[in-house]
Structures are given as structure tokens and as C-alpha cells.
Amino acid sequence: MVYTPEQQPVDTAFPDPMLPRLYRVEQVRREIRATCTLALVPDNGTTAFSFAPGQFTMLYVFGIGEIPISISGDPAQPHLLVHTVRAVGPVSQALQQLKRGDVIGVRGPFGSSWPIEDAKGSDVILVAGGLGLAPLRPALYALLSQREQYGRLCLLYGARTPQDVLYARELARWRGRFDLDVYVTVDSASTAWRGQVGVVTALLAKIPFDPANTVALVCGPEVMMRFTTRELQERGLSAVHIFVSMERNMKCALGFCGHCQFGPTFVCKDGPVLRYDRIQSWFGKREI
Amino acid sequence: MHVIERDALTALFVALRQRAFRLLGPTVRDGAIVYDELASPADLPQGWTDTQDGGTYRLVRRNDAALFGYAVGPHSWKQFLHPPTVRLWQAQRDGQSFHIRAEQPEQARFAFIGVRSCELHAIAIHDRIFLHDAYVDPVYRARRENLFIVAVNCGQAGGTCFCVSMHTGPKVTQGFDLALTELLTGERHYFVVETGTARGAEVLQDIPHRAATAAEEEAAAAVVARTATQMGRTLHTAGLQELLYRNIEHPRWDEVASRCLTCGNCTMVCPTCFCTTVTDTTDLTGAHAERWRQWDSCFTTDFSYIHGGSVRTSARSRYRHWLMHKLATWIDQFGTSGCVGCGRCITWCPVAIDITAEVDAIRTSEHRAAAEGKNDANA
Amino acid sequence: MQTLEPILAAHPFFQNLDPRHLHLIVSCASNVRFEAGQFIFREGEAANHFYLLRHGTVQLEIFVPERGPLVIQTLGEGDVLGWSWLFPPYRWHFDARAATLVRAIALDGQCLRTKCEEDHDLGYQLVKRFAHVIMQRLQATRLQLLDVYGVHS
Numbered sequence: 001m002v003y004t005p006e007q008q009p010v011d012t013a014f015p016d017p018m019l020p021r022l023y024r025v026e027q028v029r030r031e032i033r034a035t036c037t038l039a040l041v042p043d044n045g046t047t048a049f050s051f052a053p054g055q056f057t058m059l060y061v062f063g064i065g066e067i068p069i070s071i072s073g074d075p076a077q078p079h080l081l082v083h084t085v086r087a088v089g090p091v092s093q094a095l096q097q098l099k100r101g102d103v104i105g106v107r108g109p110f111g112s113s114w115p116i117e118d119a120k121g122s123d124v125i126l127v128a129g130g131l132g133l134a135p136l137r138p139a140l141y142a143l144l145s146q147r148e149q150y151g152r153l154c155l156l157y158g159a160r161t162p163q164d165v166l167y168a169r170e171l172a173r174w175r176g177r178f179d180l181d182v183y184v185t186v187d188s189a190s191t192a193w194r195g196q197v198g199v200v201t202a203l204l205a206k207i208p209f210d211p212a213n214t215v216a217l218v219c220g221p222e223v224m225m226r227f228t229t230r231e232l233q234e235r236g237l238s239a240v241h242i243f244v245s246m247e248r249n250m251k252c253a254l255g256f257c258g259h260c261q262f263g264p265t266f267v268c269k270d271g272p273v274l275r276y277d278r279i280q281s282w283f284g285k286r287e288i
Numbered sequence: 001m002h003v004i005e006r007d008a009l010t011a012l013f014v015a016l017r018q019r020a021f022r023l024l025g026p027t028v029r030d031g032a033i034v035y036d037e038l039a040s041p042a043d044l045p046q047g048w049t050d051t052q053d054g055g056t057y058r059l060v061r062r063n064d065a066a067l068f069g070y071a072v073g074p075h076s077w078k079q080f081l082h083p084p085t086v087r088l089w090q091a092q093r094d095g096q097s098f099h100i101r102a103e104q105p106e107q108a109r110f111a112f113i114g115v116r117s118c119e120l121h122a123i124a125i126h127d128r129i130f131l132h133d134a135y136v137d138p139v140y141r142a143r144r145e146n147l148f149i150v151a152v153n154c155g156q157a158g159g160t161c162f163c164v165s166m167h168t169g170p171k172v173t174q175g176f177d178l179a180l181t182e183l184l185t186g187e188r189h190y191f192v193v194e195t196g197t198a199r200g201a202e203v204l205q206d207i208p209h210r211a212a213t214a215a216e217e218e219a220a221a222a223v224v225a226r227t228a229t230q231m232g233r234t235l236h237t238a239g240l241q242e243l244l245y246r247n248i249e250h251p252r253w254d255e256v257a258s259r260c261l262t263c264g265n266c267t268m269v270c271p272t273c274f275c276t277t278v279t280d281t282t283d284l285t286g287a288h289a290e291r292w293r294q295w296d297s298c299f300t301t302d303f304s305y306i307h308g309g310s311v312r313t314s315a316r317s318r319y320r321h322w323l324m325h326k327l328a329t330w331i332d333q334f335g336t337s338g339c340v341g342c343g344r345c346i347t348w349c350p351v352a353i354d355i356t357a358e359v360d361a362i363r364t365s366e367h368r369a370a371a372e373g374k375n376d377a378n379a
Numbered sequence: 001m002q003t004l005e006p007i008l009a010a011h012p013f014f015q016n017l018d019p020r021h022l023h024l025i026v027s028c029a030s031n032v033r034f035e036a037g038q039f040i041f042r043e044g045e046a047a048n049h050f051y052l053l054r055h056g057t058v059q060l061e062i063f064v065p066e067r068g069p070l071v072i073q074t075l076g077e078g079d080v081l082g083w084s085w086l087f088p089p090y091r092w093h094f095d096a097r098a099a100t101l102v103r104a105i106a107l108d109g110q111c112l113r114t115k116c117e118e119d120h121d122l123g124y125q126l127v128k129r130f131a132h133v134i135m136q137r138l139q140a141t142r143l144q145l146l147d148v149y150g151v152h153s
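As given, the protein sequences belong to chains A, B and C, one line each in that order.
Residue numbers are given in the numbering used here: position 59 of the first sequence equals residue 59, and the series is strictly consecutive.
Residue numbers are given in the numbering used here: position 344 of the second sequence equals residue 344, and the series is strictly consecutive.
Residue numbers are given in the numbering used here: position 1 of the third sequence equals residue 1, and the series is strictly consecutive.
Bound-form chain A, shown alone (with noise of 0.2 Å):
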């Protein structure tokens, strides 16, 4: 089975790439601590535009700046843009500030996606660290909206503390469901967590799995995947098996800023979702 990330067409409906678009805040929902949920439809004028798993788009706040950010709702709802958004800078702060009716800019949507076409017909494994859960969460709607055509599905996903865990209560809801297997662990966490406690790469090793008809998908901060990557191919997953989702710098998510270069690939438009293989060399690797 040979697995590809899926490269996206490019928007021609949308001609200067680099001119935002407006969309309106229709809902704010708070999450674990400085982080939230924006719901945007499309300002008036503007039309909505389709997107896949793993793909992102720029926001930017009026006067402050824009960064990158995953999209993390349903790509089966293109009408209701989703992101999840941690405060970690200037903008991502301004951005917990919005309310409901505030306007902000939108480019996008950028970058490849989560092989969900190639990986029908196999069982699909996602390891989520932290606040990679949500560019996750796409992929797995797309993945349970025609369960049928996957074998196992299964979600793996570590946090820092059990006040960290993200989407708590549709995790619950998945945990729920017969047809998916969900794992949740923190990296410590009181005596009133009834959970796991441990790193989400010893969750691997509790769950049984056929290396040649399994596809991984990992997102999470940079360690977490160096660790995630390790353990799978351990386990026996080739490197053509596995999907990381990259983050570098980012100003124009076209490929003409240079910023995001991670040895020879543009995280804007070759990832972020990329093939293992295609940057294993380099993963590791001090000051890429």
C-alpha cells in the first residue's frame, strides 16, 4: 500500500493569494486555559471555500499581525471555519479577545493534507500531543464520517495535566463509540484522575497492530513526534507508513517568504502534513 500525502489545488477562485478574506467570529468557546475554539463564516461578500484534514490558513487580527493556524473543524462543514487557538503570542492573544461579530482576516486554505483517501482499506492509527489534537480532529471526522471503508481506527493522545486535555468532552464521546479506540494519558495529573499517566509513546505499546496495513498520523510538539516516529518504527512501521504535521515560521504560506524551510521542503506547501521518509534525514537534527 503506498501512502501520499494529499497536495491540495490551489484557490484560483481567489486571485491574490496574499489579500485576506473576512470572516466574522460566530462563536467563542473557551477550552483548556488560554485556548479557544473560533467558529467564522465567511463576512458578507465573501464566499466559504472547501478544505481537507491537515490543511491551515492564515488569521490576522486587525493591526496586530497574522499567524498560522490549523484549521480543526469538519471539512464536511466548510461553511463554519473552525480554529483552535492557544495564546502563545501577540496575535494568538488577540485572537482569545474576539467575540462574537468581531471580523478578522483569513488566507487560505494552505498546505498538503492527511492521506485520507490512500489510507482507506487500512487501519489507521493517530497520535496527538497536546494542542496537535485539533489539526487531528479534521481527520478524524473525515475518517468517521465513512468508517466503513477504514479497519481499526484508533486515537492515542497524551497532554501535560488533565486540566490540559483538549475537546474533553467529544473525546468522551468518542471513547463512547465501538468502532474507535480511544487512549488518553497525562504527563501527571492528581489522584482524582481516573486515567492514564505516562508519556503517549507507552500507549503504543498497549495497543496491538499490523505494521503492513497500518498508516500513522502524528501531530504534536517537535519531541513528541521525534519520540512517536522512533517508537513506531520500533514497532515495525515503515517510514512511508508514517505522517507528521510540521511547524517553522511562517509569513506568507506561498513559498516566496523562505521562512519555513525545513532542509529542502517548504512546510507551507510541501507539508505540513508530510511523509516521514521525506524528512526522516533530517528530524533530530540540531538547528534545521
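Keep in mind the hints are simulated off the structure, nothing from the lab.
The structure displayed is predicted, hence computed values, not measured ones.
Keep in mind that the hints are not guaranteed to be accurate.
To be verified - Pairwise CB distance ranges, derived in the manner of DEER restraints: (1) B:186 to A:15: 53 to 63 Å; (2) A:27 to B:357: 58 to 68 Å; (3) B:105 to A:207: 46 to 56 Å; (4) B:351 to A:93: 32 to 42 Å; (5) A:26 to B:357: 53 to 63 Å; (6) B:134 to A:93: 30 to 40 Å; (7) B:309 to A:1: 34 to 44 Å; (8) A:1 to B:146: 49 to 59 Å.
All C-beta atoms, glycine included, are put in the ideal place defined by N, C-alpha and C.
Knowing the structure of chain A, use the given hints to seat chains B and C on it.
What follows is chains B and C alone, placed relative to chain A:
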């Protein structure tokens, strides 16, 4: 091939101006030959040449009246096609919302006079990035579309030139409307002209010209042939990409980092370096916002900033990123090397770091290690 | 009486162990069961056993006066619990508490240590397997120490 006399250059300028072109080309300013507006051939650096070496650039008087008798200076044409600063759009606040006003990129009509072969290759590289990838840069396209190029075959090589190594010169082979070879023989000063496009041929019709003789063509060919033998530097490109990929952790990167000031001069003078950043600004009332794009350099720590910190904090990693991009990863990205052998990064480096010498050092150390390995095996 | 030998042989920790060694070990093994909430061992107590978990979940805990009990790690079916029995002074460093009903095989440390001293091949096998477990836990601990999911600046 055709011939135009030195005095016919005025007619060329007039012909281009009549076609609404803005003439840009070499002129002497601040002790260097820079690219700027040209009013007439009198603005060209007549009788000047340059001497160049690592960290050194000096203008010197020639003993003839050559107009293009120098190599390349600190400027490259990218300042016109890919401007150092450009406003991308403006926005005006309106309650909870705002309006965005797109910038209407001016449809420039540039005529570049005196473009060298290495520079044509650099322009072709930018075409690949800004016109022939997934997205098109509207700023670049508006400036590139109507561009008229009068190229010049180099009559001499500079002390830091290595276009022969990069297969990018000195003979002009592609991407021009007209190509000149300047010839000064005793009393006579003329140009052998090659037309590269129908547009170029049409312009030539407005200029006094005649067919070149076989002797004149031979003389022109001899000029570039001689220049090709004068290269100040050599870069050995055989297996270069693999060599660099094998040596990501080579100690030479630490050695060069001990000299590199991470000033970014090399990226500013490089005709292919294209990286930019954007700045979002507001006025004092906060009601008006703009986005500007500026040239950026991978030698700054901010360049690789992701929330929490920069990826490339050491000078070692930043120099390595620049060199590896230029000579190795660029090939994976765009199908060609990112270096055209113009030598600007060597000349304008304040501490004379030499890209050809850095590659040589890594290559030599591998040869030495291999030789020692063989000796050990024999011992 | 049914011997524990096939159960030991089936546990991942003793996978592919020489049957001769398995036979030596089985005399040190006993079946144990802990109710949910019950402490399996407590910090500072003599470490006389280690446990091959067969069913249920065990929380490795530490009590921090101003923060209360914290969970260091969760262990489950297929995991091995406890290595303090292997090294002097044979005292537990953490608390282990059954989070659910736990079924396990307990192995007597004193008994095993004696057998390992008599048969260094067995000793090597056991130490090698424990070293692997310790390495994995150390790597996991380092990853936890990095606090990779936190916001750093």
C-alpha cells in the same frame, strides 16, 4: 548577428524610451557601480572598472572608454523586480469589521541595460519561484511581465567571479531581448548585437545597424572566451549536494561561525536570495492598518522564530542554512542551484568569507579522511 | 495443583525465557489480587516483591505535603511493577495503589535474589529484562521532564 557603433547607443536609449520603458542600468555612485535610472549613455560608467576580492571592492580607471568594462557591483536587478519594501495592502477599521484595500501593483515597464549572464540566470531563478510555482506573486509579475532586457557579454571577469563553475556564464545564452558584446579595437568602439526575441529585433530596427562580418563575430566570441579563462574563483560542483548533505555536522561550520558576523550582507547582495518578512502596522488612531513586505535575511535569529524561541540561534546553523540552501536544498526545491557564481557574497562580506573556500574546506577534509582511512587500512 | 508456569511464560516480561529458568522462578511466584483503592506497597516499606500485572490498573503515586497525592505513572496489563527488590536497601520509593481490581503474579524478591546468586545466567536474564524496563521508564521520564506540551518562552 549585427553591429551597432558606440554612438548608436543613444538611439537605443531613445527607441526604448519611445516605447515607454524606464531605463535602468549601471552608473557610478558612492564609489561603486550601482544600478539606477539612466537618462542617457553618458550615465554609464565609461572608463571605469572594478577590482574585487574577498571583502574588497575598488573602482579603478580604465585606459579605454569601455562602458561595460567591469564585473558586477553591490546591486542586483532584484531590487527592481522584487523590491526591498513594498506595501501589500491597506485596511480601514469599520466598527467590529474593517475594509481591505488591495494595492494595485504598477504595471512597470523596465528596460534593464547591461544585464550579465549570471544575472539572467538569477532572474530565471526568481521567475521559477514567483511565477512558475503553486502561487504567483502579483508584485513580481507586474514588474517582470513587460521587462525588456539588454544583456551584455562580460568583457572581463571579476576577482570573485565563478560563473564558469556554475554554468551560468560568461556568455549570455537565454532570457534577453538584445545581447551586446562590447569591442574596443584601437580607434573603433562598437557592439556586436544578438537578438533574443522578436521584440528585441523590432527595437533594433530603430537603431542604425548592419550585419556583422565574420571577423566581427569572431572577435565577439573571443571576448567571452577570454573572460571564461579569467575567473577569480572556482567552485567544484561535482556531487556538491550529496557532499553537503553528508556533512551537516562538519566542524567547518563552527570554524566559519567564528568569523561570520551574521550581518546578512551576503543575502542582501545575492541576486537570488528572495526571503522576505511582513510587518503589520497601524496609525496612531488604530483605525488604519497596512501590511508591508521587506527583504529579510536568514542570518537574523528572528528569521526562524516559532512561539517560544528561534530554531537557529547559533551563527553556525545560520551560515549553514544559507550555504546549504544556496547550493543543496535549492536543487531539491527548484531544480537548479541557488548560486549563479556572481561572487557578490565574497566581495561584500566584511570578513571575506568565501563560499567557494568553505565548500573546498569540507571537500578537502573528506578527501583527507578517506586517505587516512586508507592508510590506516594499510598499516 | 495448577502451576503458574504457563501464566509466567505468557507474560510479556518473561517472553522467550529459557524454560529451565522459568522453572526456577515459578517456585518464587504466587497469585495475588488487590481491590480497587488498596495499596500494593507504600514508600519506605521493605521491598520484598515485584508484580507482573495481568489485569487492572495500578497507580504509582507520591504524596507531596502541599499538593496531595500525585500520580507518577499508570501501569496496566502486561506491565511489571517494582524493581526496588533488586537493589539494596530493598525499600519502596513510591506508593503503588490499585486503581481498579488488580490481578497479578507476585514474585518473592528474597527467593529470586538467592536463585540469581546461585545461577548467574538467570540473574543476567532478569537484570537484562529489568534494565530494559528501567530504560523505557527513564526515557519516558525525561520526556515528561521536558514538559513538551507546556508554553515556554
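Q) Is 32 to 42 Å right for how far apart the beta carbons of residue 351 of chain B and residue 93 of chain A are? A) Taking Cβ atoms as reference, residue 351 of chain B and residue 93 of chain A lie about 40 Å apart, which means the hint holds.
(Q) 34 to 44 Å was suggested as the range; check whether the CB atoms of residue 309 of chain B and residue 1 of chain A agree with it. (A) holds, 39 Å
Q) When you take the CB atoms of residue 1 of chain A and residue 146 of chain B, is the distance between them in 49 to 59 Å? A) holds, 50 Å
Q: Please test the hint of 30 to 40 Å on the beta carbon pair from residue 134 of chain B and residue 93 of chain A.
A: holds, 31 Å
Q: Hint says 46 to 56 Å; check whether the CB-CB distance for residue 105 of chain B and residue 207 of chain A agrees.
A: holds, 54 Å
Q) Do residue 186 of chain B and residue 15 of chain A keep their Cβ atoms within the hinted range of 53 to 63 Å? A) holds, 57 Å
Q. Taking the CB of residue 27 of chain A and the CB of residue 357 of chain B, does the distance hold inside 58 to 68 Å?
A. holds, 60 Å
**Q.** residue 26 of chain A paired with residue 357 of chain B, Cβ distance criterion 53 to 63 Å
**A.** holds, 59 Å
Of the numbered hints listed earlier, not one is contradicted by the structure.
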